[in-house]
Amino acid sequence: MGPRPPAAPLAVETSGLTKRFGRRTVVGGIDLAVPEGSVFGFLGPNGSGKTTTIRMLLGLARPTGGRVRLLGHEIPGQAAAALPQVGAMVEGPAFYPFLSGRDNLVRMDAVQKGAGAAGRGARVDKALQRVGLHFAAEKRYRAYSLGMRQRLGLAAALLRPARLLVLDEPTNGLDPQGMREVRQLIRSLATDGMTVFLSSHLLYEVEQVCTHVAVLSAGRVVAQGPIEGLRQTQARVLRVETPDEALAARVLEAMAGIGATSAGAGVVRADLVGAEPEDCTAALVRAGVRVRSLTTEVPSLEDAFVALTGEGFDVEE
Amino acid sequence: MWRSELRLVFRRRRTLVLLAVLAAVPVLAAVAIRVSGSASAGGPPFLADITHNGVFAALAGLALALGFLLPLSVSVVAGDAIAGEAGLGTLRYLLVRPVGRTRLLAAKFGVVVVFCLVAALMVAGAGLVIGAVLFPVGRVTTISGFSISLTTGVLRTLEAAGIVGVSMVGLAAIGLFISTLTEAPLAAMAGTLVFWIAVQIADSVPQLASIHPVLFTDHWSSFVDLLRLPVGYSSVEADLLLQGCWGLVFVLAAWARFTTADILA
Numbered sequence: 001m002g003p004r005p006p007a008a009p010l011a012v013e014t015s016g017l018t019k020r021f022g023r024r025t026v027v028g029g030i031d032l033a034v035p036e037g038s039v040f041g042f043l044g045p046n047g048s049g050k051t052t053t054i055r056m057l058l059g060l061a062r063p064t065g066g067r068v069r070l071l072g073h074e075i076p077g078q079a080a081a082a083l084p085q086v087g088a089m090v091e092g093p094a095f096y097p098f099l100s101g102r103d104n105l106v107r108m109d110a111v112q113k114g115a116g117a118a119g120r121g122a123r124v125d126k127a128l129q130r131v132g133l134h135f136a137a138e139k140r141y142r143a144y145s146l147g148m149r150q151r152l153g154l155a156a157a158l159l160r161p162a163r164l165l166v167l168d169e170p171t172n173g174l175d176p177q178g179m180r181e182v183r184q185l186i187r188s189l190a191t192d193g194m195t196v197f198l199s200s201h202l203l204y205e206v207e208q209v210c211t212h213v214a215v216l217s218a219g220r221v222v223a224q225g226p227i228e229g230l231r232q233t234q235a236r237v238l239r240v241e242t243p244d245e246a247l248a249a250r251v252l253e254a255m256a257g258i259g260a261t262s263a264g265a266g267v268v269r270a271d272l273v274g275a276e277p278e279d280c281t282a283a284l285v286r287a288g289v290r291v292r293s294l295t296t297e298v299p300s301l302e303d304a305f306v307a308l309t310g311e312g313f314d315v316e317e
Numbered sequence: 001m002w003r004s005e006l007r008l009v010f011r012r013r014r015t016l017v018l019l020a021v022l023a024a025v026p027v028l029a030a031v032a033i034r035v036s037g038s039a040s041a042g043g044p045p046f047l048a049d050i051t052h053n054g055v056f057a058a059l060a061g062l063a064l065a066l067g068f069l070l071p072l073s074v075s076v077v078a079g080d081a082i083a084g085e086a087g088l089g090t091l092r093y094l095l096v097r098p099v100g101r102t103r104l105l106a107a108k109f110g111v112v113v114v115f116c117l118v119a120a121l122m123v124a125g126a127g128l129v130i131g132a133v134l135f136p137v138g139r140v141t142t143i144s145g146f147s148i149s150l151t152t153g154v155l156r157t158l159e160a161a162g163i164v165g166v167s168m169v170g171l172a173a174i175g176l177f178i179s180t181l182t183e184a185p186l187a188a189m190a191g192t193l194v195f196w197i198a199v200q201i202a203d204s205v206p207q208l209a210s211i212h213p214v215l216f217t218d219h220w221s222s223f224v225d226l227l228r229l230p231v232g233y234s235s236v237e238a239d240l241l242l243q244g245c246w247g248l249v250f251v252l253a254a255w256a257r258f259t260t261a262d263i264l265a
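Quick mapping for you: the protein sequence lines, in order, are chains A and B. The first sequence begins at 1 in the numbering used here and counts up by one. The second sequence begins at 1 in the numbering used here and counts up by one.
Hints are computed from structural coordinates only; laboratory data are not their basis. Owing to the predicted nature of the structure, the values given are computational and were not obtained by experimental measurement. Quick reminder that beta carbons are idealized off the backbone N, C-alpha and C, glycines included. Nothing false has been slipped in among the hints.
Have a look at the derived ranges for each label pair, beta carbon to beta carbon: (1) G121(A) <-> A32(B): 48 to 54 Å; (2) K126(A) <-> V214(B): 54 to 60 Å; (3) L28(B) <-> F98(A): 26 to 32 Å.
Could you put together the complete structure from these sequences and hints?
Written out as structure tokens, the structure reads:
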């Protein structure tokens, strides 16, 4: 463990993190670097190893190989030092069905070492307020809808001030309104300086709130970094509308810095792998191509994702 | 933590039903004897004595409950200790709170032991009450034939209940261990019960007499000796030693298993 440069403190850091169950490798040596203060999207299709990774981050499961540092502490060895500063929701909410929402939170607060009984009621009420569940606080968990259960899970994760929030698929079971509320909640927590580690198989969810992203595919990280950087791993596309499509395609193909081109129905597309759009415009005009419009398209994160994992979302392994 | 665990177990309807059923044991026995007007000799210890002195309803209740209901209740509560949390998924949330695994296991076992004592006292308490209501009470004639004052008799009865409660510690530890092996609480409860039945069968096969002294059920009826004069403590001591050994072995096994297990539920 060498000293870390203070410039880039990491909330979560793993190296070669591996988990095997028998001969099945679920997590195959992943290196994560979650900067403090980021909203980190942990993106991958169902069954790609996200939850198993989170279980290892939180010391619930032992890695078969590799290391985990959580807020600067080795996991699982120093979990007791790191976990009090972490709020977590792992693989959906889980509570005692025979207790009310409030009593469930009271128990969660009470079991923690050093959490005094003084202020417990206030902490619980504040957490319930924050997720909009105070109106159903006295109802038994058994009677909660899926969305209410999810909210109670969030409330439990927010019960104490944390430096890091680990949320595993937090919007599962929420309606669109609830999803938006969760996104707003995450944004406001991030504004307060909290690091949020958000796992999801829903790309647009990650795209809307995250500053950084890691893409997991079959137990391996296939891309990681600031979200803008990931978008740019895909070439921009030049889109030319013209009646002279055959000529335009020939001109573009002849240029340096142009990747694959395709033409059809009055539209020519070309991957920009170095060439600038303004040079293309000049070349096209010089060759006498009648250009109706010329635009560049930034590929969506989804395109980048599909290019990286070779599959769409919601693909079961 | 500790208080939260106690509240979780003792506010649960299932626990209250178990305790109510246990309390019903001496009540049923006493009412049956009262209605039939007589009790024939034989059957569990003390049953025939109820008509002379209501205090014996408590002792007969303990003897009856030891036959099945008490081990069953202990199996349910002990088997649920860890597996119940795993089955609900709350175990992972307790551990990331964080609650240390050793601390959680200690609290769970402590509450199970408290339940054993409460359950035995419940039987004795209900027996004393129903005995006093339905039958005459007075000086207690001990097994040895001497009589002791009513107060002493009641105290001895409560002490006997305490010993019956402690006699469950071995089984409670076994239940705790089995509870760390599975995420299905019903499986852990059934497993504990089956273990007890197997031991009891072994304890009743004469050919296995050589291992009888080490079986945790072997001195379960030692509480009877408290109703002798002078009180015979040798069997009680043997019982406590047995419970201590079984308890220690299985609590350690539970600890070894639980502190290294992957929590995937």
